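**Q** Those protein sequence lines, which keep their order, are chains A and B. Going letter by letter, the first sequence gives residues 853 to 998 in my numbering. Going letter by letter, the second sequence gives residues 853 to 998 in my numbering.
Incorrect hints may appear among the rest.
All copies of an identical chain are treated as equivalent in the list; a pair is satisfied when it fits inside any one copy or across any two copies.
Stated by the list, open to error - Derived pair list, reagent style DSS-like, types lysine-lysine, alpha-carbon separation capped at 25 angstroms:
#1 Lys917 to Lys937
#2 Lys949 to Lys855
#3 Lys856 to Lys939
#4 Lys949 to Lys937
#5 Lys856 to Lys997
#6 Lys856 to Lys985
#7 Lys937 to Lys859
#8 Lys997 to Lys985
#9 Lys961 to Lys917
#10 Lys997 to Lys917
#11 Lys937 to Lys961
#12 Lys937 to Lys985
#13 Lys949 to Lys961
#14 Lys917 to Lys855
#15 Lys859 to Lys985
#16 Lys937 to Lys856
#17 Lys939 to Lys961
#18 Lys961 to Lys856
#19 Lys856 to Lys917
#20 Lys937 to Lys855
#21 Lys917 to Lys939
None of these hints come from the bench; they were simulated from the model. Computed from a prediction, not measured in an experiment: that's the story for all the values here.
Protein chains: 2
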Amino acid sequence: MLKKYQKMVNESIPMTRYMEWSIQTLSSTHISTISQLSPNINVHGTGFAGSIYAAAMATGWTLLKCWYDHHQFDAELVAAEATIKYKCPVTSDFECKAILDQRTPQYEKLTERLSNLRSCGFSQEVEIICDAKVCAILTIQFVFKC
Amino acid sequence: MLKKYQKMVNESIPMTRYMEWSIQTLSSTHISTISQLSPNINVHGTGFAGSIYAAAMATGWTLLKCWYDHHQFDAELVAAEATIKYKCPVTSDFECKAILDQRTPQYEKLTERLSNLRSCGFSQEVEIICDAKVCAILTIQFVFKC
Numbered sequence: 853m854l855k856k857y858q859k860m861v862n863e864s865i866p867m868t869r870y871m872e873w874s875i876q877t878l879s880s881t882h883i884s885t886i887s888q889l890s891p892n893i894n895v896h897g898t899g900f901a902g903s904i905y906a907a908a909m910a911t912g913w914t915l916l917k918c919w920y921d922h923h924q925f926d927a928e929l930v931a932a933e934a935t936i937k938y939k940c941p942v943t944s945d946f947e948c949k950a951i952l953d954q955r956t957p958q959y960e961k962l963t964e965r966l967s968n969l970r971s972c973g974f975s976q977e978v979e980i981i982c983d984a985k986v987c988a989i990l991t992i993q994f995v996f997k998c
Numbered sequence: 853m854l855k856k857y858q859k860m861v862n863e864s865i866p867m868t869r870y871m872e873w874s875i876q877t878l879s880s881t882h883i884s885t886i887s888q889l890s891p892n893i894n895v896h897g898t899g900f901a902g903s904i905y906a907a908a909m910a911t912g913w914t915l916l917k918c919w920y921d922h923h924q925f926d927a928e929l930v931a932a933e934a935t936i937k938y939k940c941p942v943t944s945d946f947e948c949k950a951i952l953d954q955r956t957p958q959y960e961k962l963t964e965r966l967s968n969l970r971s972c973g974f975s976q977e978v979e980i981i982c983d984a985k986v987c988a989i990l991t992i993q994f995v996f997k998c
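Next up, chain A with everything else stripped away, as it sits in the complex (with noise of 0.2 angstroms):
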């Protein structure tokens, strides 16, 4: 599975194979994802900003991706807003991941309006991790529309 959403998303996001971004980890409710910092420096060396947020956007797309597939709904996935928080300098390879929580509201809200075809958002955090610190947190606001 993991092998075919890395084909997946390098051949429809062609950024992700310039970025060296690459999934460590996937099931249909957690994500790990590595990129390479040498594709992704700025000017002070370290991981660019825009980079560091391409990169965390592709992983919360790629888990509510094969979330959706795996239950099998029909919809579209597409990003409505987001915000990034950098919080330390990303200085090697970085980790992005993200983890579903299905004990949520959300989530019972995001099931049940997907189940009678109807459009939702859905909030998806992921943290940027480097030299076990997390170095930036993603917030995407996704909309699934059906």
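With chain A's structure known, arrange chain B on it following the hints.
**A** Relative to chain A, chain B alone:
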């Protein structure tokens, strides 16, 4: 001046080369850049949310870098936080456009603090435009670190 900044950004942020991001006009208060759609597509064949963000972040950063070079302030410019709102799909090569408004209280505060070698935050908006429509708006909270 435009060529100097194009070269500087392309060399220090390699992702901008991949994105085919290029500066169209630049002064210490205005910037317009164009990015090509083809390296920046997503699974729908429209602009990838991560690429749109990265192109707009590079645009906002270049404008403020140009501004503080022009005023010969000595500071390091970093992004602390950013929010992007996606309004409609990017379906062709896209422009990122930003204006540094000098008639605001935050501008007065910025020049006063940098003149006294004190760090300061600054909020900068960047519009992403495609086919004469604003497709997304990025608001970046920068910090000038002294």
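**Q** If a hint holds in the structure, say so; if it doesn't, say that too.
**A** Tested hints:
1. Taking the closest pair of Cα atoms, Lys917 and Lys937 come within 25 angstroms of each other both inside a single copy (24 angstroms) and across two copies (21 angstroms).
2. With identical chains, the CA atoms of Lys949 and Lys855 are at most 25 angstroms apart within one copy only, with a shortest distance of 17 angstroms there and 38 angstroms across copies.
3. In this homomeric assembly, Lys856 and Lys939 never come within 25 angstroms of each other (Cα to Cα): the closest approach is 33 angstroms inside a single copy and 30 angstroms across copies.
4. In this assembly of identical chains, the alpha carbons of Lys949 and Lys937 lie at most 25 angstroms apart whether taken from the same copy (15 angstroms) or from different copies (23 angstroms).
5. Taking the shortest alpha-carbon separations for Lys856 and Lys997, only the intra-copy value of 23 angstroms comes in at or below 25 angstroms, while the best inter-copy value is 44 angstroms.
6. With identical chains, the CA atoms of Lys856 and Lys985 are never at most 25 angstroms apart, being 30 angstroms at best within one copy and 36 angstroms at best between copies.
7. Proximity of Lys937 to Lys859 under the C-alpha cut-off of 25 angstroms is found in neither arrangement, the shortest distances being 29 angstroms within a copy and 28 angstroms between copies.
8. Taking the shortest Cα distances, Lys997 and Lys985 sit within 25 angstroms of each other only across copies (22 angstroms), while inside one copy they are farther apart (35 angstroms).
9. In this homomeric assembly, Lys961 and Lys917 come within 25 angstroms of each other (Cα to Cα) only inside a single copy, at 17 angstroms, whereas the closest approach across copies is 45 angstroms.
10. For the identical chains of this complex, Lys997 and Lys917 are intra-copy neighbours only, at 12 angstroms inside a copy versus 39 angstroms across copies, given an alpha-carbon limit of 25 angstroms.
11. Only between protomers do Lys937 and Lys961 lie at most 25 angstroms apart by alpha-carbon distance; the minimum there is 23 angstroms, versus 27 angstroms within a single protomer.
12. Taking the shortest Cα distances, Lys937 and Lys985 sit within 25 angstroms of each other inside one copy (14 angstroms), while across copies they are farther apart (28 angstroms).
13. Within a single copy, Lys949 and Lys961 get their C-alpha atoms as close as 24 angstroms, which meets the 25 angstroms cut-off; across copies the closest is 38 angstroms, which misses it.
14. In this assembly of identical chains, the alpha carbons of Lys917 and Lys855 lie at most 25 angstroms apart only when taken from the same copy (14 angstroms versus 41 angstroms across copies).
15. Taking the closest pair of Cα atoms, Lys859 and Lys985 never come within 25 angstroms of each other, the shortest separation being 29 angstroms inside a single copy and 33 angstroms across copies.
16. Neither within a single protomer nor between protomers do Lys937 and Lys856 lie at most 25 angstroms apart by alpha-carbon distance, with minima of 31 angstroms and 30 angstroms respectively.
17. Taking the shortest alpha-carbon separations for Lys939 and Lys961, only the inter-copy value of 24 angstroms comes in at or below 25 angstroms, while the best intra-copy value is 32 angstroms.
18. Taking identical chains as interchangeable, the C-alpha atoms of Lys961 and Lys856 are never at most 25 angstroms apart, the minima being 29 angstroms within one chain and 52 angstroms between chains.
19. Proximity of Lys856 and Lys917 under a CA criterion of 25 angstroms is satisfied intra-copy only: 12 angstroms inside one chain copy versus 42 angstroms between copies.
20. With identical chains, the CA atoms of Lys937 and Lys855 are never at most 25 angstroms apart, being 30 angstroms at best within one copy and 31 angstroms at best between copies.
21. Proximity of Lys917 and Lys939 under a CA criterion of 25 angstroms is satisfied inter-copy only: 21 angstroms between copies versus 28 angstroms inside one chain copy.
When held up to the earlier numbered hints, the structure conflicts with 3, 6, 7, 15, 16, 18 and 20 and fits the remainder.
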